[in-house]
Amino acid sequence: MLRLPDLFRSLAAIFHTRRTLIVGGLALLVAFMIGLIGWLHGVYVEREHRHRHQAERELQSINQLQLRAVLSWRERSLRDARMLTDDELLAGAVGRWLSRGDVAAREQVRDRLRALKELGRYSEVLLLGPEGETLLMPQEGPGAYGSQTLPPREQGAMARALASADAVMGEPALTAGFAFPVAGVFAPLFDGDETLGAVWLVQDLRTGLLPAIEPWPTPSRTARSNIVWREADHVRYLNAPRDAASGMLQYRHAMEQSSLAAIQALSGVRGVFYGIDEQARPVMATASPVAETGWLLVSVVEVAEVFADVRRRELLALALPVSVALLAVGLPFVIALRRGWRRERALKLDLQSNLLWLESAQQAAGIGHFAIDPVIGTVHMSSLCQDIFGVRDDEITMAQWLSLIDAEDRGELKTVLARVRSGEDATRVQCRILPVDDRTALRWVEIWCRAFDQERPGDPRVIGIAQDITDRKAVEAELAGYRRRLEAQVRLDALTGLSNRRALDEAAAFQLAQAVRGGTPLALMMIDVDFFKNYNDLYGHLVGDKCLRSVASALAAHVGRAGEMVARYGGEEFAVLLPLQGDIEALALAERMCRAVKDLKIEHGASEVAPVVTVSVGVACLRTVQINVDRAREHGDADDASDWPLMHQLFVEADTALYQAKRLGRNRVVLHGYPTTRRYG
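If you count the sequence shown from 1, position 592 lands on 592 in our numbering, and the numbers rise without skipping.
Hints are supplied without guarantee of correctness; some may be wrong.
Straight-line Cα separation of at most 20 Å, PhoX-like style, residue types lysine-lysine; simulated pairs [to be verified]: (1) K533 to K117; (2) K598 to K546; (3) K601 to K533; (4) K662 to K598; (5) K533 to K546; (6) K601 to K546.
Don't read these hints as lab results, they were simulated from the structure.
Start from the sequences and build out the full structure, keeping to the hints where you can.
Quick look at the structure:
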């Protein structure tokens, strides 16, 4: 073994013979690094320039894609209006009604307006006189458009339509009589040379135009498109810019700030350009005019977002050649010093090196080792193993060690030790360690052990390692809980919090099998909110969603027994599954649910049966379904049970009863197979 002075002298001799090589190599390394840095800088600038062009092309492509969607929306509306202008039958019916008071002709016109409203998904369709007065609408009474004359802006659009004898689209506006922003198309009507008026097709911009420009097809945090136009000395926005608190058609910006992207676009700038957004953040922008309008579709994305990812990626990509170059240049120095490092390692004892390596590895992995001598009944533990088990002595008795293990796991650990001592291969076991005091918590430990000492085959010693896995167990428990919550969420309706159709189908199949096997009753209700489409048209979809949640809560409050379920079947339709309930009980519950919904007193100005929201209910029971299936089999209408699945028939009969309730006037309950009903209102 070398002494410390001899070691120093040996190292000095090694470095003295290579001093010239090291100095020359360092000079060469400096020159190489300067050249490498210059080259890498040029590469980085070129790649950043390429990414900029790619981002600009992507922004232009998305802008053009959204522009086509806007033009398609506009063309579809104008096409509907031109079809009305060219409809001679419609013009003739309007002429007969206005000139001769023909009631049949008026109803024919009303039916056409109602069909166009429902099939074309317009918020309102109105027949206007030459002066803009409302002559006819699809429905009368609550929920109809209340204004009798057009606002000045819409009056001008109608005048242009009558003058040109062609469809004209009005500007987006917040118009009295509607609770949401609208854009209307005017279809002029003529009976020969006589001007009859125009049909006004009104669209809700939230569900018509806004979906064409708001979704961004690629992941982006700041990208956004907007339709803007000039209005006097301001820029008018269709939808509010990002981080603005205004609603649709409520945001304006003065034309004073020339660097604003929207103002640059209105000034004639086209292609891709750079400016700022409404919050003075630098943006990349592009603009396209919407044909035959004064609108511009402006798409922007923040510059910081465009280049944040590319800079990080390029730096990581360039780090690889730099690392390779440094390795190549430094390799001669590594080779030159290799002998010195090897001699230094040879000065250390092999045993000391192995022990230090083992201790370091165990510390890094959080693993401690132990040895059990069953002859004298002792357990020797390393320092890390002592920390894991919460003891202060490096050697304790076997009984003391086992007492640290939770009683439920102690028997399994003894079994594992017995198998190992009998010659079985290494075995793992997970145990819980009891808290040492009130300040510590229950912990999990994984123990791996195997037999040792071949000279004692009858009673060998046992060696092993122990690792604290408390955190891993916590993560596993959290993941298991997350999976359970996720499985529950996929069976819930996001709007109402009720079970969804998938959960209903699963529960219905299970309960039906139980009912058939046990000969017990089973009932199913199908519930529909009366005139809910009219409700949405009058109050808007946001209020409609709130109404559905209230109805769902009222229905859910009436079930609670095991297996009972209220589910949203689709749209405004709900289903209630009632195990162990026959037709009498189900009918009574359905009546209570009808009353409960009506007692909510949710105003419904567009209902034809009541001034508040009501529901219609169809009820079917397994008993009647089974009778229908058996009767079909007796008459040879079904070959086997698969031709008449009970669950499908149960839903069909409940749905049939629901449609009978709606046909009889709604706001009532109908039990399938029984003609009598009861109305609530």
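Outcome of the hint check:
Simply put, K533 and K117 have alpha-carbon atoms about 12 Å apart, close enough for the 20 Å limit, and the pair holds. Distance check on the hinted pair: K598 and K546 sit about 15 Å apart at the alpha-carbon level, within 20 Å; holds. Distance restraint check for K601 and K533: the Cα-Cα separation of roughly 18 Å lies within the 20 Å cut-off, and the hinted pair is therefore satisfied. Using a Cα cut-off of 20 Å, the hinted pair K662 and K598 holds, with the two alpha carbons roughly 16 Å apart.
For the hint pairing K533 with K546, the CA-to-CA distance comes to about 14 Å; that is within 20 Å, so the pair holds. Between K601 and K546 the alpha-carbon distance is near 13 Å, which keeps this suggested pair within the 20 Å criterion.
In this structure, none of the earlier numbered hints is contradicted; all agree with it.
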